[in-house]
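Please model the complete structure; the sequences and the hints are all you need to start from.
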Amino acid sequence: MADGHDPNGSVAPAVGEVPRRAGLVEFWFYFGESRGAVAGLVVFGLLVAIAILAPLIAPFPPSEQFRDALLVPPPWAGGDRPEFFLGTDPVGRDILSRLIFGARFSLFIGTVVVVVALVGGITIGLIAGYVGGWVEAIIMRLMDILLALPSLLLALVLVTILGPGLENAMIAIAIVLQPHFVRLTRAAVITERRKDYVTATRLIGAGPLRLMLITILPNCMAPLIVQATLSFSNAILDAAALGFLGMGAQPPTPEWGTMLAEAREFILRAWWVVTFPGLAILITVLAINLIGDGLRDALDPKLRRS
Amino acid sequence: MVRLILARLAVLIPTFVGVTIIAFAFIRLLPGDPIQLLSGERVMSPERHAEVMHDLGYDRPLIVQYGSYLGGLVTGDFGSSVVTKRPVLQDFLTLFPATLELSLAAMLIAVTIGIPAGVLAAVKRGSILDQAVMSVALIGYSMPIFWWGLLLIIFFSGYLGWTPVSGRISLVYFFPPVTGFMLIDSLLSGEKGAFASAVSHLILPAIVLGTIPLAVIARQTRSAMLEVLGEDYVRTARAKGLPPLLVVGVHALRNAMVPVVTTIGLQAGYLLAGAILTETIFSWPGIGKWMVDSVFKRDYPVIQGGLVLIAITIMMVNLLVDVLYGLINPRIRHG
Amino acid sequence: MNKTALLIGAACLGLGLATAAEAKNLIYCSEASPEGFDPGLYTSGTTFDAAGRTVYNRLVEFKHGSTEIEPGLAASWDVSDDGTEYTFHLRPDVKFQTTDFFTPTRTFTADDVVFSFERQLKADNPWNKYVEGAAWEYSDGMGFPDLIKSVEKVDDLTVKFVLNRPEAPFLADLGMDFASILSKEYADQLKAAGTPELMNQQPLGTGPFTFVAYQPDAQIRYTAHPDYWAGKQPIDNLIFAITTDASVRAQKLKAGECHIMPYPNAADVASLKEDPNLQVLEQEGLNIAYLAYNTMQKPFDDVRVRKALNMAINKQAIVDAVFQGAATPAINPIPPTMWSYNKDIADDSYDPEAAKKLLADAGAADLSMKIWAMPVSRPYMLNARRAAELMQADFAAVGVTAEIVTYEWGEYLSRSKETDRDGAVMLGWTGDNGDPDNFLDTLLGCDAVGGNNRAQWCNQEFDDLVSKAKVTSDQAERTQLYEQAQVVFKREAPWATLDHSVQYMPMSKKVTGFHQDPLGVHRFDGVDIAE
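Residue numbers (our numbering), protein chains in the order written: chain A, 1 to 306; chain B, 307 to 641; chain C, 642 to 1172.
Incorrect hints may have been included.
[As the list claims (entries may be wrong)] Residues on chain C that point at chain A, a partial pick, calculated with CB under 7 Å:
no.	residue
1	Ser888
2	Asn906
3	Ala908
4	Asp916
5	Ala958
6	Arg1026
7	Arg1027
8	Glu1030
9	Ala1034
10	Ala1038
[To be verified] Okay, derived cross-link-like pairs now, DSS-like style, lysine-lysine, Cα gap no bigger than 30 Å in a straight line:
no.	chain 1	residue 1	chain 2	residue 2
11	C	Lys801	C	Lys832
12	B	Lys498	C	Lys1151
13	B	Lys391	C	Lys1151
14	C	Lys1109	C	Lys1058
Worth flagging that the hints you see were computed from the coordinates, not collected in a lab.
We put the CB at the ideal spot given by N, CA and C, even for glycine.
Okay, here's the thing in structure tokens:
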């Protein structure tokens, strides 16, 4: 799904210099100008708080089974058990509590996948861009191959090889999201490498590692940050899709996609077990995408101007 | 032009070989085996199992297996399914039109709604309309489509009863697949009501699959339009007093289309990924569902052949986009 | 591709497009694509429904809705006194189907019978390997290559099977799908044309329905065989609409897009029953779901530990949560509808306190173990993970820590066979031929250790009883032996017997003449639909 979610495709977004100290104030100013972005940030903050405080705010433990309350509808929709605000699932677990704990998994998945894909992608991209030659050719061909297959299909096959489960799903998704970071980093490095300040630093006698990490990298962070936000929401969606296909987190993990897959047989009988996990996914992804849009606008002077 | 295409094709060859290696390697790494799956709870004797593995050639050295696989590919032989024993290529060609039809319909919805919506939002920048369009687009673009599909089924098929639940056409109609496109075949068949039936079956899955491309296209069109509207020549055109419709419709839109076309092309990969989920939900007999089923059945030759065929398809679409891009953007052609 | 298209096209013309108003169509929303159309090659019910029971006949058939045998293509048969020679007198003038890919020139004879069996029994038969990787699993699984010495044509309408030893369930075996009778003449034609693989794609037999066309993952079409030996079917066209998702099937049935569906979600049954246009048949399935301990592994080699765990499981909770009540908690390893079921055996009571005590006695008070849960839904266990979660909670209540593990289905099946397997494995069985031998010896006999006997349980007393019953022809005596064997089983508790599920068959009220089959296949001969 990665391909679909990047409105610029895999073409490197034309993004300007990253704001340093003075720029940071300006950056916040522009970010704050977008009401959507702020709203997204607030919702995201709330989600983080919910995830951290899950054991305190969830009414019940996520796996506690109330054998006398199977598939009870929410109290405001005809249910007779007011303690289960969003109803219960087929083995009598409180859906609200499961959703609250599920926030932990989704945010965890997003964070881990982005960190892995970002670190891996930057490293490979830096090497490709800086070393060049046949190393670059091989790396870029490899990335082409990964991009030539639909990401979800690739992730599905990878996770089948690694075995179904949350960790393996995260690894698989990180692998399929990686090529975007590699391409962006490489493109940025190649542009930056020719610039005067790099040449100057090299003449002073800086080693290649220092050159790559301290001189060049900070100057190509902007597109990477935007891509990272996009990847965060893609990771959540892809993990949920894998869970939905039965290859992601395994029950009884209250991961939203897995909950949805488990609930699928009840679409005619118990709408609440189907509706709420999907809604939770949508809200989370929406919040992150709002932040992503805000970031891009704030980091991209060209869009800002227009 | 021809040189451009040939050059691009040359670049594709190593990628293609890479894909075959990866597809081949993946399959050898998959745990479980299809023969075991075929016997289900019933236990197959180890001798018979070994015999079948031998018949299928899975006991040969990997390099020999790869060699014979590659040799087969060159002659158009993608192997046969372990389960159905039918040739992989035959099944791909039978099922691909279904996916293609669904994807084209999804893209049609995405383009016909997405581009006007994006243009409108750009022209009325900052208005309530703009905000509404962009909000809806953002929601569409954040949508877990498997959930979206379920909701639409519950509402339109279950609650309202407007659309059929699954399949490509009512089973009352039966005619030979001439083109494989149900819409065309239903017209060719001359049977009354067949075309309407095919359309009603196509509409929900196409909406579900088209949702994300629609959102992406609307957003891309808006930002491309905004950029173009700020350019000097548009301002000049406006200043000259040309009618706004002409300025927007002809001058601005034409130039804004360049990145939009690229975006549309880049959706090809997404459409195939989305088809995996959409086809699963709507029991649509296409290659997405076929691949998922094969992964679950560990049908090695199908997964292997399917991956390669899908990669070829996507590479061809990308090539086409490159060529189109060159056509509408003369700067690329010269450069 | 082009060839298939042409064939399908030709088929249409051949039918004169008689699909519209005047023809009677029965639409069956089937649960999956068939694997192929040669029932000898496969083991899944989906394939048997699509080929075995529609296109083909067997020498003997199961009566509608029962596991009793009645004459099929064999009008009668004699068995020698020592039980090793079966002579079948074939039905005369049985016509094969005529299609656009084959026109028969002769009626059914002994040659067809010999061909249909020999291809499965003899490795040197030219049809033994007619598709890559052909494995005649059912024939193998029922031990036919060892059991059958020869299949001989006596004359055109007489066939003799010679066995190496007497085998009580043999006749019932011949009613199974893998024993379907194919046309030798059609086979010869395919061979001559160099396309033997079409046998698995375009089936042709003597059965009630003629195969017309198959569109993968979409539909299979049949027409009634006009010259069927038992008379033409009341419906004209039979259509399988392949719909893999159970909720979607239910939706289609409600919307009138199909007339019958198998395997509804347990959750949907209530709403299907309420629908005024639908009727829901139900029948206890001939199946069992079980949790097999590894009796070779400590501490599960101690019968007290196994008993204690059995007492800790709340089976009713599983029935409620997984089947929405549509199953019965299992006591014996065979279902109650099967002959020789021992009604006098009482189940281990659900008693966590007693279980705790028993575990302490056995020195396994703080036991931790693994529960294997199947990754797929089966008729006898719709959602193994959910059942495992329930058992996990039950075990926790008696101080046993259980970890749920699962593998890919093929992996699961093969790993669970290993004798050094760690943990208790959830699995089940659906009867093949209605004989208790098919459960008791197949799943619990000493020969099956390291194979179908997932408990790795070899008990001499039990094994002697079921082995003796296998070669005994007197039904009363067999019944007694099997009843005794069930007593031994319950005492030794190699399994926690979980449930026997109820099979639902929702269908339009217009459908008449459909009988649910205890063996789980779906037959459409004799089915009619009111206009």
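Inset, instruction - Closer than 7 Å between Cβ atoms is the bar; does Arg1027 (chain C) clear it against chain A? Give me holds or violated. - result: holds, 6 Å
Inset, instruction - Let me know if the C-beta of Arg1026 (chain C) comes in closer than 7 Å to any C-beta of chain A, holds or violated. - result: holds, 5 Å
Inset, instruction - Closer than 7 Å between Cβ atoms is the bar; does Asp916 (chain C) clear it against chain A? Give me holds or violated. - result: violated, 11 Å
Legend entry - Interface hint status, Ala958 (chain C) versus chain A (Cβ within 7 Å): With a closest approach of 6 Å, the Ala958 (chain C) hint holds.
Legend entry - Straight-line alpha-carbon gap Lys801 (chain C) to Lys832 (chain C), limit 30 Å: holds, 26 Å
Legend entry - Given hint Ser888 (chain C) near chain A, where the shortest CB pair must fall under 7 Å: holds, 5 Å
Legend entry - Closest C-beta approach of Glu1030 (chain C) to chain A relative to 7 Å, hint status: holds, 5 Å
Inset, instruction - Would you check the hint for Lys391 (chain B) and Lys1151 (chain C), treating anything up to 30 Å between C-alpha atoms as holding? - result: This hinted pair is violated, its Cα atoms lying about 38 Å apart.
Inset, instruction - With a cut-off of 7 Å on the beta carbons, see whether Ala1034 (chain C) makes it to chain A. - result: holds, 6 Å
Legend entry - Interface hint status, Asn906 (chain C) versus chain A (Cβ within 7 Å): With Cβ-Cβ at 4 Å, under 7 Å, it holds.
Inset, instruction - For the pair we were handed, Lys498 (chain B) and Lys1151 (chain C), check the Cα-Cα distance against 30 Å. - result: Holds, at roughly 25 Å.
Legend entry - Hint check: 7 Å Cβ-Cβ cutoff, Ala1038 (chain C) to chain A: Nearest chain A Cβ about 11 Å off; hint violated.
Checked against the numbered hints given earlier, this structure breaks hints 4, 10 and 13; the rest are met.
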